[in-house]
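Participant: In the order they appear, the protein sequences are chains Y and L. Counting from 1, one number per residue, gives the positions in the first sequence under our numbering. Counting from 1001, one number per residue, gives the positions in the second sequence under our numbering.
Treat the hints with caution; some may be incorrect.
[Said to hold, decoys possible] If we take Cβ atoms under 10 Å as the criterion, some of the chain Y residues that face chain L in the derived model are:
hint : residue
1    : Leu15
2    : Val21
3    : Gly22
4    : Tyr29
5    : Trp32
6    : Leu34
7    : Phe44
8    : Asp65
9    : Cys73
10   : Thr76
[As the list claims (entries may be wrong)] Covered by chain Y, according to a simulated footprint, are these stretches of chain L (three or more residues, beta-carbon under 8 Å):
hint : stretch
11   : 1006-1016
12   : 1047-1053
13   : 1085-1098
[To be verified] Residues from chain L that face chain Y, not an exhaustive set, calculated with beta carbons under 8 Å:
hint : residue
14   : Glu1027
15   : Phe1031
16   : Leu1033
17   : Arg1035
18   : Ala1038
19   : Arg1042
20   : Pro1056
21   : Arg1060
22   : Asp1066
23   : Pro1069
24   : Gly1109
25   : Glu1139
26   : Ile1141
Honestly, the hints are just simulated from the structure, not real lab data. Beta carbons are placed, not taken as given, at the ideal position from N, Cα and C, and that holds for glycine.
Protein chains: 2
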Amino acid sequence: MATYPPAIERLLAELTRLPGVGPKTAERYAFWLLRQSADRLRQFGLSIEHLRENIPSCSRCHTFDDNNPCRYCRETARDQKTICVVADTPDLLAIEHTGVYRGVYHVLGGTVNALEGQSPDQLNIRDLIKRIPAEGITEIILAMNPDIEGDTTALYLKKGLSQLPVKVTQLARGIPTGGDVTYMDETTLGEAMNHRQAA
Amino acid sequence: MATYPPAIERLLAELTRLPGVGPKTAERYAFWLLRQSADRLRQFGLSIEHLRENIPSCSRCHTFDDNNPCRYCRETARDQKTICVVADTPDLLAIEHTGVYRGVYHVLGGTVNALEGQSPDQLNIRDLIKRIPAEGITEIILAMNPDIEGDTTALYLKKGLSQLPVKVTQLARGIPTGGDVTYMDETTLGEAMNHRQAA
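One chain only, chain Y, in its complex shape (with noise of 0.2 Å):
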């Protein structure tokens, strides 16, 4: 099996850890990054680099933004008693921009994923529940995707905040818009019947 030189086999190494990428892919970026210029590598390079000092983040909710707190927990037209829970802060943006939640946010920082060794003492979930009664918060409402890291990040947490005088909600599960009945697979078309709402 014929390889590369080092410099290569150490980049390939790294790209193969991001998410969803194979040999193939980490084989395509790297050919493509081989051939630009040693100033756009290095500027490259520096924002990875980097990163970690460059990012602030809200004390509060942990949300990446440059103010601290950050824009969401400083609006205080929002309901300060409803958090709506998020894996990480796309997901918080996505629901902002549905326009129709008003609460404040809490941002965990990922899932509890066993098979790449994230563990719930590295979420920011201490936080979340010293929050609960420091801000006499009334809802919680988790938001994690459904799928088993999802799935089992909040079903740690309903544990956690079960104790606590607090109602915890999930987002709801059905078919999607513009979903067809037909071609649903069997586990939503079954939650959408089990949770089905008045018309």
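Following the hints, complete the assembly by docking chain L onto the known chain Y.
Facilitator: Quick look at chain L alone, frame taken from chain Y:
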């Protein structure tokens, strides 16, 4: 439209430049990177930053390799009069893996791509033309991808080589092994018919 802190936006801009990476994939990569330790990010960043400085390539055929001349040019058992021209080093490796080819190579370092501003002068074409009389080359096999960029590059090379006393061939086009005549695209099926081989 909500935006991310500048350091994240900068990284997203860099990531969306990678081939085949759109805003959503870039976001996925960025937020995965944000969960990595500062140490890991430093290592990853450096592997990109110093990429160009660390990659030795063969001064004869331009393959990325630890040795100069590269491992392929050094193999004296190879047919030194036949050059297979590839766009980049991974294509060379794919051809090596077939075990069918026993000549030497020439790596162009890309293809002619007007959209990405890659012109023929940026490819290692002049060196290829010099090799023909200098090494007494008798056959040039063009092994670019059968797509617009590959075909444009091949056409450009064919023109440039037409004045030289060298046979120019290209990889056969036809139905791939395991392919299905019914569902094959018209161009491929047409090429397979036009270039039909003795059974």
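Participant: Now look at each hint and say whether the structure bears it out.
Facilitator: Checked hints:
1. At about 9 Å, the closest approach between the beta carbon of Leu15 of chain Y and any beta carbon in chain L falls short of 10 Å, and the interface hint on this residue holds.
2. Taking 10 Å as the C-beta cut-off, the interface hint given for Val21 of chain Y holds, the closest approach to chain L being about 8 Å.
3. The beta carbon of Gly22 of chain Y is not positioned within 10 Å of any beta carbon in chain L (closest approach about 13 Å), and the interface hint is therefore violated.
4. The interface hint given for Tyr29 of chain Y is met, as the beta carbon of that residue sits about 5 Å from the closest beta carbon of chain L, less than 10 Å.
5. For the restraint placing Trp32 of chain Y at the interface with chain L, the shortest Cβ-Cβ distance is roughly 5 Å, inside the 10 Å limit, so the hint holds.
6. A hinted interface residue such as Leu34 of chain Y counts as satisfied when its beta carbon comes closer than 10 Å to some beta carbon of chain L; here the least separation is about 6 Å, so the hint holds.
7. Interface restraint check for Phe44 of chain Y: the shortest CB-CB distance to chain L comes to about 5 Å, inside 10 Å, so the restraint holds.
8. Look at Asp65 of chain Y: its Cβ gets to within about 6 Å of chain L, closer than 10 Å, so that hint holds up.
9. Among the interface hints, the one on Cys73 of chain Y is violated; its C-beta lies about 14 Å from the nearest C-beta in chain L, farther than the 10 Å criterion.
10. The beta carbon of Thr76 of chain Y is not positioned within 10 Å of any beta carbon in chain L (closest approach about 18 Å), and the interface hint is therefore violated.
11. With 6 residues having a Cβ less than 8 Å from any Cβ of chain Y, the stretch 1006-1016 of chain L passes the three-residue criterion, so the hint holds.
12. Using a Cβ-Cβ cut-off of 8 Å, 7 residues of the stretch 1047-1053 of chain L lie near chain Y, which meets the minimum of three, so the contact claim holds.
13. Judged by the Cβ-Cβ criterion of 8 Å, the stretch 1085-1098 of chain L is covered by chain Y as claimed, because 6 of its residues qualify and three suffice.
14. Hint on Glu1027 of chain L holds. Least Cβ distance to chain Y is approximately 5 Å, under the 8 Å limit.
15. Hint status for Phe1031 of chain L: holds, given a least beta-carbon distance of 5 Å to chain Y, under 8 Å.
16. At about 6 Å, the closest approach between the beta carbon of Leu1033 of chain L and any beta carbon in chain Y falls short of 8 Å, and the interface hint on this residue holds.
17. Checking Arg1035 of chain L against chain Y: minimum C-beta separation of about 6 Å stays under 8 Å; hint holds.
18. A hinted interface residue such as Ala1038 of chain L counts as satisfied when its beta carbon comes closer than 8 Å to some beta carbon of chain Y; here the least separation is about 5 Å, so the hint holds.
19. Nearest Cβ of chain Y to the Cβ of Arg1042 of chain L: about 5 Å, under the 8 Å cut. The hint holds.
20. A least Cβ separation of about 6 Å between Pro1056 of chain L and chain Y falls short of the 8 Å threshold, and the interface hint therefore holds.
21. Taking 8 Å as the C-beta contact cut-off toward chain Y, the hint placing Arg1060 of chain L at the interface is violated, the least distance being around 16 Å.
22. Nearest Cβ of chain Y to the Cβ of Asp1066 of chain L: about 5 Å, under the 8 Å cut. The hint holds.
23. With a least beta-carbon distance of about 14 Å to chain Y, the hint placing Pro1069 of chain L at the interface is violated under the 8 Å criterion.
24. Because the smallest distance between the Cβ of Gly1109 of chain L and any Cβ of chain Y comes to about 7 Å, under 8 Å, the interface hint for this residue holds.
25. Because the closest C-beta pair between Glu1139 of chain L and chain Y is about 23 Å apart, greater than 8 Å, the hint is violated.
26. The beta carbon of Ile1141 of chain L is not positioned within 8 Å of any beta carbon in chain Y (closest approach about 19 Å), and the interface hint is therefore violated.
Violated hints, listed in ascending order, are 3, 9, 10, 21, 23, 25, 26; each of the other numbered hints is respected by the structure.
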